[in-house]
Structures are given as C-alpha cells and as structure tokens.
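This is what each chain is made of:
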Amino acid sequence: MMDYDNIMSKNVKTLKPSGIRKFFDILDNMTDAISLGIGEPDFVTPWHIREAGVYSLEQGYTKYTSNAGLSRLRAAISEYLDRRFGLRYDPNGQIFVTVGGSEAIDLCIRSVLNAGDEVIIPVPSFVCYGPLVTMANGVPVYVETKAENEFKLTADELRAAITPSTKLVVLPFPNNPTGGIMEREDLEAIAEVLKDTDIMVLSDEIYAELTYGQKHVSPANLPELYDRTLVVNGFSKAYAMTGWRLGYVCGPAPLLKQMLKIHQYGIMSAPTTSQYAAVEALKNGDGDIEMMRDSYDRRRRLLLKGLRDLGLECFEPRGAFYMFPSIKSSGLSSDEFCTRFLREEKVAVIPGTAFGEGGEGFVRICYASSVQNIETALERMDGFLKRLR
Amino acid sequence: MNEILKLLEEDSRYTPHEIAAMTGKDEEYVRDTVKRCEDEHIINGYTALIDWDRTSEEAVTAFIEVKITPQRDDGYDRIARRIYQYEEVESLYLMSGSFDFSVIVTGKSLREVSRFVAEKLAPIEGVISTATHFIMKRYKDKHRAFIVEPEQEERTLFV
Numbered sequence: 146m147m148d149y150d151n152i153m154s155k156n157v158k159t160l161k162p163s164g165i166r167k168f169f170d171i172l173d174n175m176t177d178a179i180s181l182g183i184g185e186p187d188f189v190t191p192w193h194i195r196e197a198g199v200y201s202l203e204q205g206y207t208k209y210t211s212n213a214g215l216s217r218l219r220a221a222i223s224e225y226l227d228r229r230f231g232l233r234y235d236p237n238g239q240i241f242v243t244v245g246g247s248e249a250i251d252l253c254i255r256s257v258l259n260a261g262d263e264v265i266i267p268v269p270s271f272v273c274y275g276p277l278v279t280m281a282n283g284v285p286v287y288v289e290t291k292a293e294n295e296f297k298l299t300a301d302e303l304r305a306a307i308t309p310s311t312k313l314v315v316l317p318f319p320n321n322p323t324g325g326i327m328e329r330e331d332l333e334a335i336a337e338v339l340k341d342t343d344i345m346v347l348s349d350e351i352y353a354e355l356t357y358g359q360k361h362v363s364p365a366n367l368p369e370l371y372d373r374t375l376v377v378n379g380f381s382k383a384y385a386m387t388g389w390r391l392g393y394v395c396g397p398a399p400l401l402k403q404m405l406k407i408h409q410y411g412i413m414s415a416p417t418t419s420q421y422a423a424v425e426a427l428k429n430g431d432g433d434i435e436m437m438r439d440s441y442d443r444r445r446r447l448l449l450k451g452l453r454d455l456g457l458e459c460f461e462p463r464g465a466f467y468m469f470p471s472i473k474s475s476g477l478s479s480d481e482f483c484t485r486f487l488r489e490e491k492v493a494v495i496p497g498t499a500f501g502e503g504g505e506g507f508v509r510i511c512y513a514s515s516v517q518n519i520e521t522a523l524e525r526m527d528g529f530l531k532r533l534r
Numbered sequence: 049m050n051e052i053l054k055l056l057e058e059d060s061r062y063t064p065h066e067i068a069a070m071t072g073k074d075e076e077y078v079r080d081t082v083k084r085c086e087d088e089h090i091i092n093g094y095t096a097l098i099d100w101d102r103t104s105e106e107a108v109t110a111f112i113e114v115k116i117t118p119q120r121d122d123g124y125d126r127i128a129r130r131i132y133q134y135e136e137v138e139s140l141y142l143m144s145g146s147f148d149f150s151v152i153v154t155g156k157s158l159r160e161v162s163r164f165v166a167e168k169l170a171p172i173e174g175v176i177s178t179a180t181h182f183i184m185k186r187y188k189d190k191h192r193a194f195i196v197e198p199e200q201e202e203r204t205l206f207v
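Top line first, the protein sequences correspond to chains A and B. The opening position of the first sequence corresponds to residue 146 in our numbering, with each subsequent residue numbered one higher. The opening position of the second sequence corresponds to residue 49 in our numbering, with each subsequent residue numbered one higher.
Just to be clear, a hint being listed does not mean it is correct.
One side of the interface only, derived from the structure: several residues of chain B facing chain A at Cβ under 7 Å [what the hints assert, rightly or not]:
#, residue
1, Ala69
2, Met70
3, Gly72
4, Cys85
5, Thr204
6, Val207
Just so you have them, the derived chain B footprint on chain A, three or more residues with Cβ under 8 Å [claimed, not checked]:
#, region
7, 182–190
8, 326–335
Hints in this document: simulated from the structure, not taken from any laboratory. Please read these numbers as outputs of a predicted model, since none were measured by experiment. Where a beta carbon is used, it is the ideal one built from N, C-alpha and C, also for glycine.
The following block holds chain B by itself, in its conformation from the complex (with noise of 0.2 Å):
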C-alpha cells in the first residue's frame, strides 16, 4: 500500500494501470487499494501544484503564529477547528515550542488577509496572540522546486 501511497505523491496523475505496471501489482488490486486510502481518508484529495506568480492572479500568502489558551476538554482541537473551516485557511498546524497554531492564510492581497487576521482569527475566543509573516517568494513547496533552472546545453554524445 505504502508503495503506491508514494507514487501517488510523487504524481497523482498515475493511472492504476501505470501504478500497476511499476509496482508489480495488478491493476484490480491497485484501484482497490486507492479506493480503501479514500475511503478512510488516508488519500484526503488530489491537488495540482501552481506557482500563481506566473499567473495574472494576485495571491498572497501569510504563515502566521497563533498562541492561545487551551480549552477545557477540548484542549486544543476545538479552536482548531474554529480556525480551519475558514475558506482563507490553507493549512493549520499545531506546533511544539513557543509558539501554538501555524497558520498558512491567502488572500487577494495583504489588505484581504490582514482584515482576516483582525476580524477573523484574532477574535476567536482563546486566541491569545497573532504574528503575521508574508511569505514573499515561495521557492520549493512539496518537494518541488518552483524555481526553474536554465537547461544544460544541448548534446551530442553517444553513451
């Protein structure tokens, strides 16, 4: 299972029947087995990777380091979700060390995102402090590089 989990990271474009071919397995028992990951929410989505500085799009992106006070019972779960239903919210994380939630927000621009800070995250009961870093150039992200390096010169070589 881990083997096609990987391949699927690595490209979720993989079709079963390359998924297949590569591992070994056959194709029946590949589709089942992603079938199974989706069903307990081991494979959460599939998403494309894209660098929006290329693109006409303005898109701005902030991490931002969220301390609160843990609930009762709850602890931290609660407020956790308070935060990440928000559409804005790309990821949440819980942290170790002086800080609690990451929180990676984007918006059109840093006018939209700081209002999100101010009138969303902030307020949220518990939530102690915010600091908000924009993310100014975003050079690898999931294992790939964004930055694309100028290809070796052609060759002609027999080897």
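Okay, chain A solo, but in the shape it has when bound (with noise of 0.2 Å):
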C-alpha cells in the first residue's frame, strides 16, 4: 500500500486547510441563507468588457500570447497606472501579466526568497501570504495590526519584526479584512525604517481603485521605495472580473526578468481571451469603475450604521469591499460567532481568525451584496445579539 503520507512534500503538510470549509458545509444544506462570506464583486464583468472577450474568441485568437503578455496590454497597463495612480512602468521590462493577482504575489515571493528567508505579514490579512512564503522555504513573520491603528503597519510594530534575515514585507493595503489603508505618510515612516537595508516591498493593491475618502497611494509612489517595491495589482476588484483570473506584476526590470521564467515555465501565458477583454477594460472602463465604487460606497455607509446602531464596535473602513466589526461585547468567539450566527440566523460571514491572528474577538462581513441582503443581515443580527444579552 502507498503510504501517501510519507510520499507527501513535508512544507505542504504543514499547510493548514483553511478554516471555514466547515461554513460551506453548513451552507450547503441551507435554504434561505444570506452569505455575505465570499470577498468578491457582486456584478457581473461590465458588457463592453465581456464582448470584447467574445470578439476575441470570433476573430480566433486562441492561441498563446508572448510569456509576459499582449503587448498592447503591457502598454494599456503602463498607461492605466500612470494615468489613475501616478507609477510609471515601462511595458517592455517592467510589468508582466499573470494568471491573478495571485500567481504574481506567488512569483514575487519565490522569485526573492532563499530557505530560511523571512517575510514580514501583517495580520489580519489576506490567507495567501503565510502560505506561500512556506511553500517558497521561507519563514512567514506575523505582525499584528490594531483596530486603535486604523489596521495599519506602523514602523514601530515594522522595526521590532526586522531581523538580519529578513528578506521581504509584505504591504496588503488596502486590506482585506479590515478595510484599513496606508496613507503617505505611513509609508514614508516604512520608508524611514527601510531605509539603508535590502529589503523589498510586496505590495498588493488589488483594491486599488476601491477606496473612499481619499485616493489609494502606493509605496512605489515614493520615490524612496520605488526601487525596492513589487506592485501587484489585477482586474478582478476593479473591473468586477474575478473569474478571468488576470492579474500584472510591476516592479524593478532586473528582478521581473528573473521572476518571468517561473511564469515561462509554470503557467507559460495568461488566459488570452482574457487578457483581450483587460485591454477594453483599461481603455473604456473607468466610467464602470466609478460606478461600481460608488455603489460599495452606499452599502459601505449602510452596513457601518446598520451595525453600530446594534451597538457593536466597528472600525470604518476606507478601502475594499468588507466590514471588520468587533464581537467581543457578544461574549462568544470569532468562531462560535460565525457558527451560532450561520446555525441559527442563516447568514454566513466569516471567522476574524481565518485571517491570522488578531483576528480573534473579530468578523468579516463582506457588503460586496445587495441592499436587500444587507438589511436582512442586520435584522438577523440584531435579533441574533438580542438573545445572547
């Protein structure tokens, strides 16, 4: 008999299964229920968008497109980013497509990491990094972000997590859960403690364009990290097309040079028709954008109200599309939270703790859902505290 647990690679053992399969399961055999649990656009890809993926595939172009991608979309690329967020990036040497923002985030990490090497994590955050940078050899280092912080990286809470080894942080902002962003003064205080040593900048700015407020800064927009930073950024927030799996990789010509052959070989090229539909998503789809950024922003106002009007604290988030309230005045864990809550109310949302630690004492709710979800939502929650109290 094979003895599949011995054959198996030792780093994807340790791998931890994400936590809330279990919500899914529950789900599955529910009738009525609301989930406002997975973190993605409720539209559909804008029409202009999707028809130019159509035409595509009417005028054949089927076939591979060159590893970094369709030139014409490095280029749309080069200009989308200098036009909405000021970064300049040259389309032959400094972007490559990629299969989401996913594989770029994978391909930054691999690409910078030796065994032992560490990457700096702020948690709560997205569940990929710490992942990933095992996989990669490396050692993820978790650095907990604080509500009383608006959930951002201070350079305090930077500079105690640096060591000699460390090879990489990690900035997910705007983020996901906590909807906390970093503003420019926050990075010019990393740029402070960067400063002088060789480590790099992952910075993941998939919800970019979803901000409110104020407009999203990058760390590659100062000029002190610009060198040091790797942007990732993609279409699937902005543009409402998650399931085209497109993403890009900006950053230093030297490094994408070498990052390009794991993709080479890994992925060989982005899907096509997808990547022929992202070019009429740069050049006409700013007017979506906007769009679809304002309605978040409504259901945004909504949720916030709705839920410190039932008297649960909750940081008000300036980017992305998710809610991060505190359930500690409830008396429950995250977990038993999302379970009792899911159990006896029939709305999903999910654990704090599937996000890392500090995530303990904290749930995300996704309003990336309609009106009608979200206020049903919210009754169900009131009654639902009403009867723990």
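Once you've looked at the hints, go ahead and assemble the two chains, each given alone in its own frame, into the complex.
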C-alpha cells in the first residue's frame, strides 16, 4: 500500500487547510441563507468588456500570447497606472501579465526568497501570503495590526519584526479583511525604517480602485521606496472580473526578468481571451469603476451605520468591500459567533481568525451584496445579539 | 437631491432610513427631499416592473408610430393630451424623425389594441396616419433584464 503521508512534501503538509470549509458544509444544507462570506464583487463584468472577450474568440485569437502578455495589454497597463495612480512602469521589462493577482504574489515571493529568509506579513490579512512563503522555504513573520491604529502597519511594529533574515515585507493595502489603508505619511514612516536595508516590499494593490474618501497611494509612489517595491494588481476587484483570472506585477526590471522565468515554466501565458477583454477594461472602463465604487460606498455606509446602531464597535473601512466589526461584546469567540450566527440565523460571515492572528474577536462581513441582503442580515444580527444578552 | 433620486430610480422601495444611511445624509433631509420632489412632480409615482408573460394574465403591448398635423397655437400638445388621456396608453413620446408620436398601448388582446387604434387613436383630428407594431417579447425594461440567466454553479472557495 502506498504511504501517501510519507510521500507528501513536508512543506505542503504543514499548510493549514482553510478553517472555513465547515461553513460551506453548513451552507450547502440550507435554504434561504444569506452569504456575506465570499469576497468578490456582486457585479457581472460590464458587457463591453465581456463583449471584447467574445469578439477576440470570434477573431480566432485562441493561441498563447507572449510569456509576458500581449504587448498592447502591457502598454495599456502602463498607461492606466500612470493615469490613475501616477505610477511609471515601462511596458517592456517592468510589467508582466499573470493569472490573477494570486500568481503575481506567488512569483514575487518565490523569486526573492532563499531557504530561511523571513517575510513580514501584517495580519489580519488575506490568507495566501504565509502559505506561499512556507512553500518557498521561507519563514512567515506575522505582525498584528491594531484597530486603534486603523489596522495600519506602523513603523514601530515593522522595526520590531525586522531581523537580519528579513527579505520581504508584504503591504496588503487596501486590506482584506479590515478595510485599512496606508496613507502617504504612513508609507513615509515605513520608508524610513527600510532605509539602508535590502528589504523588498510586496505591495498587494488589488483593491487600489476601491477606496472611499481618499485616493490610493502606492509605496511605489514614494521615490525612496520605488526601487524596492513590487506592485501586484489585477482586474478582479476593479472591474468585477474575478473569474477571468488576470493580474499583473510591476517592479524593477532585473527582478522581473528572473521572475518571468518561473511564469514561463509554470504557466506559459495568462489566458488570451482574458487579456483581450482586459485591454478593453483599461481603455474604456473608468466609468464602470466609478459606478461600482459608488455603489459599494453606499452599501458600506449602510452596513456601518447598521452595525453601529446594533451597538457593535466597528472601524470605518476606508478601502476594499469588507467590514470588520468587533464581536467581543457578544461574549463569543469569532468561530462560535459565526457558527451560531449561520446555524441560528442563516447568515454566513467569516471569523476574523481565518485571517490570522489578531483576528480573534472580529468577524468579516462582505458588503458586496444587495442592499436587501445587507438589511436582512442586519435584522437577523439584531435578533441574534438580543438573544445572547 | 440627484443622488436620492437615482437611488429611488434604482429601487423605489428603499426607505428614507436606508437612503440616509447610504448617502450619509440625515433621515429628515431625505424625507423632506422626497416630499418636495413629489410635490414638484419630479417624482411622478412609484411602480413595479412586472413581467406579465410569467403570469396567466393575457396582455399585449403595441408600439404605434403616429404622424400628425400640428395644430395652430398648441403645436403638438393638444393632440398629445387627447391621446394620453386614454387608459390604454402606457407611454407617449414626441419624436424627432419620420413620425411624430410614439404611443405605447397595452391591452388584453390583439383585437382590443387594434380596435383602440382604429376607433380611438386614428380618428383623432390631426392624426394623419398610424403604424402599429406589436411587441413580441420584452427583454429589458427600465434597465432590468426580463430574462433570468441561470446562476453560476455553487462554489466552495475562500477569498
């Protein structure tokens, strides 16, 4: 008999399965449940973008593209980043197209780490960074961001986490699940800490277009950080294109040249249809971004007011489409809260602990859902909290 | 004000409480604005979008091109008034181009609508001609598609 347990990579075995599998199992057996659990836009990709994908198929554009992606797409990305964020990247050498932001994150990590190198990861944050570091034989070093600091990574927290083995700092802002952002002065403080080191920055900016009340600032906007920053972005959140699996990475040409090799051997090229659709998104999609952002913003306000009216402490998220209220007053752990809320009230939200340390006592609620769902969830939350008191 | 109107156009069931929360205005202000818009006929009513084809109700809709001779003094308005007062008329627009009025008429049957055109609409003084087009299928109305696409399959994933 095969001893799969022994065969398996030790690295893979140490990865924890996502803790929320059980919520899906409960959800599966429920009717009239409301899920505010999955973090993705509730819009369908705008038609003109879908149509561009369909048209590319009609034209017969079904072959691989260059490893780095269509040149016209890279040119459009370069133009877009400059126009929207004031970021300058050369489409030949400083940008390449990936299978979602996820692949770009993986490539950044794999292309800089040697065994034992440490990567500083602010948590709560999206779940992928730590496991990808582990798979690259690196060591994740988690730093808890705090509600009282608006879930920003502070210079002091960063300084305390740096060791001689630190290779990379992940800046996952605007943040999933907290909605925290980093402003220019916050990044300046980070730059000061990193000065005179060789530490790189991986800036995951997938929610860059979804900020409320202020424009997104990238670490790469700061001249003192530009040369040490890898920017990851993509189409999923800004254009409601999650299923198209398309992202990109930008950064110093010598690094990208090496990184492209991993992409070339592991992936070849990002999906061609998606790339043609993405060109259309970048050229004619600014209006869609505004429309969707305004819509999320209205729902953000509605949910924030609703949660605060229920007496829950809640940081006002400034980016992405998640609310991260404290549920400590309920007396339940995050996991108990979410399990019971789902079983008793049929509303799925995610325990903060799924996003790493510092998440205990919080839950993540995705407000990229209909106003009606949000209102119903709030009513059910009201009933739930009252019964607990 | 326009933000509130846009929200009501999106879903007229939004309550002042919800609109206030979504726009960051206070509820009192929203109530007052809605009231004022109703008084000033900026808001002319609230209605539901119903796909009658999914019910047992028999209904037909026709789109009718109407050519007229404009009347002295009143121009188009007098004839328009004579047309839109009929219960059967759902919408009436003055058009640019090769005809003057676009009249949308609903009825229980083809015969009922035809009779309306022949007996009520065509004989109106000033109406020169009519061309009736029956609507065969309604795909979209007021920004809402009437075709329900099947949902994407259930997914288990964590993002």
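Now the hints, each set against the structure:
1. Interface hint status for alanine 69 of chain B: upheld, as the beta-carbon distance to the closest one in chain A is roughly 4 Å, under 7 Å.
2. Among the interface hints, the one on methionine 70 of chain B holds; its C-beta lies about 4 Å from the nearest C-beta in chain A, closer than the 7 Å criterion.
3. With a cut of 7 Å, the hint placing glycine 72 of chain B at the interface with chain A holds, because the nearest CB-to-CB distance is about 6 Å.
4. Residue-level restraint check for cysteine 85 of chain B is violated (minimum Cβ-Cβ distance to chain A is 19 Å; threshold 7 Å).
5. A distance limit of 7 Å between C-beta atoms decides the matter here; for threonine 204 of chain B the minimum to chain A is near 5 Å, and the interface restraint holds.
6. About 5 Å separates the beta-carbon of valine 207 of chain B from the nearest beta-carbon of chain A, less than 7 Å, and the hint is met.
7. Judged by the Cβ-Cβ criterion of 8 Å, the region 182–190 of chain A is covered by chain B as claimed, because 3 of its residues qualify and three suffice.
8. A stretch counts as covered by a chain when three or more of its residues have a beta carbon under 8 Å from one of that chain; for the region 326–335 of chain A and chain B the count is 0, and the coverage is violated.
Checked against the numbered hints above, the structure violates hints 4 and 8; every other hint is satisfied.
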